[in-house]
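Protein sequence lines correspond, in order, to chains A and B. Heads up: take any position in the first sequence, counting from 1, add 3, and you land on this note's numbering. Heads up: take any position in the second sequence, counting from 1, add 8, and you land on this note's numbering.
Wrong hints could be hidden among the right ones.
[Unchecked claim] Straight-line Cα separation of at most 20 Å, EDC-like style, residue types lysine to aspartate or glutamate; simulated pairs:
hint, chain 1, residue 1, chain 2, residue 2
1, A, 44, B, 90
2, A, 44, B, 19
3, A, 17, A, 30
4, B, 11, B, 39
5, A, 17, A, 90
6, A, 17, A, 68
[Stated by the list, open to error] Reference listing, derived: stretches of chain A covered by chain B, where coverage requires no fewer than 3 residues with Cβ under 8 Å from a Cβ of chain B:
hint, region
7, 13-23
8, 112-118
Read the hints as simulated data drawn from the structure, not as lab findings. Virtual Cβ for every residue (Gly too), placed ideally from N, Cα, C.
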Amino acid sequence: GAVVSQHPSRVICKSGTSVKIECRSLDFQATTMFWYRQFPKKSLMLMATSNEGSKATYEQGVEKDKFLINHASLTLSTLTVTSAHPEDSSFYICSARPGRGQETQYFGPGTRLLVL
Amino acid sequence: DAKTTQPPSMDCAEGRAANLPCNHSTISGNEYVYWYRQIHSQGPQYIIHGLKNNETNEMASLIITEDRKSSTLILPHATLRDTAVYYCIVRVLDSGYALNFGKGTSLLVTP
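Working from the sequences, and respecting the hints, build out all of it.
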């Protein structure tokens, strides 16, 4: 089956630093990748849609200069949280869409970010 | 995407069938019913999807009413590892857009 990985799985950083999270589709090419964040006991909220080779589309209220998304290849998208603050602490999840036939989206295992 | 309504929580005894309902009374003719689940601290996992016919795979069965206004996800023999939040999502097939997760149903499978 389709596998999506994320790295790191867990990260702790100091306030003011930047953190990069990688999302990889391991056995398929993903024309589109999505980034979500999830706060405790809440549902997933879409942050942005990333298409390979083009700029990401951000949801309303998500700062594009703070959450930098790069989708440089068909198997890799990165999310960089710049100048992280404690309120950015959350569970970040990516998903990838193979883009063929009746395929659906496949999710990574998530990255737990804690900003001190 | 059509709106869905699910009970916030359900319990099920291990080994029994878990029947998770979902109402989607405003579903359009070209919208499919998708089910995902999220085990605690993991990414969501695709379970099954269907249009109007009942569907079955190795994980679950999906029963869609004839008028398509509601559906039921059935886990035939629930195990403790099935404890998760289950999301029913209605959308056009392979639309290319992100999935819109509602609040889902928190299923607790007990020994």
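Quick rundown of the hints versus the structure:
Pair hint residue 44/A plus residue 90/B holds up; C-alpha atoms about 18 Å apart against a cutoff of 20 Å. Of the pairs offered as hints, the one joining residue 44/A and residue 19/B holds, with about 18 Å between alpha carbons and a cut-off of 20 Å not exceeded. A hinted pair counts as satisfied when its Cα atoms are at most 20 Å apart, and residue 17/A with residue 30/A does not qualify at roughly 34 Å. Using a Cα cut-off of 20 Å, the hinted pair residue 11/B and residue 39/B holds, with the two alpha carbons roughly 11 Å apart.
Using a Cα cut-off of 20 Å, the hinted pair residue 17/A and residue 90/A holds, with the two alpha carbons roughly 12 Å apart. Our distance criterion of 20 Å between C-alpha atoms is met by residue 17/A and residue 68/A, whose separation comes to about 19 Å. Look at the region 13-23 of chain A against chain B: 0 of its residues bring a Cβ nearer than 8 Å to a Cβ of that chain, fewer than three, so the hint is violated. Check result for the region 112-118 of chain A against chain B: holds, 3 residues qualifying (beta carbon to beta carbon below 8 Å, three or more required).
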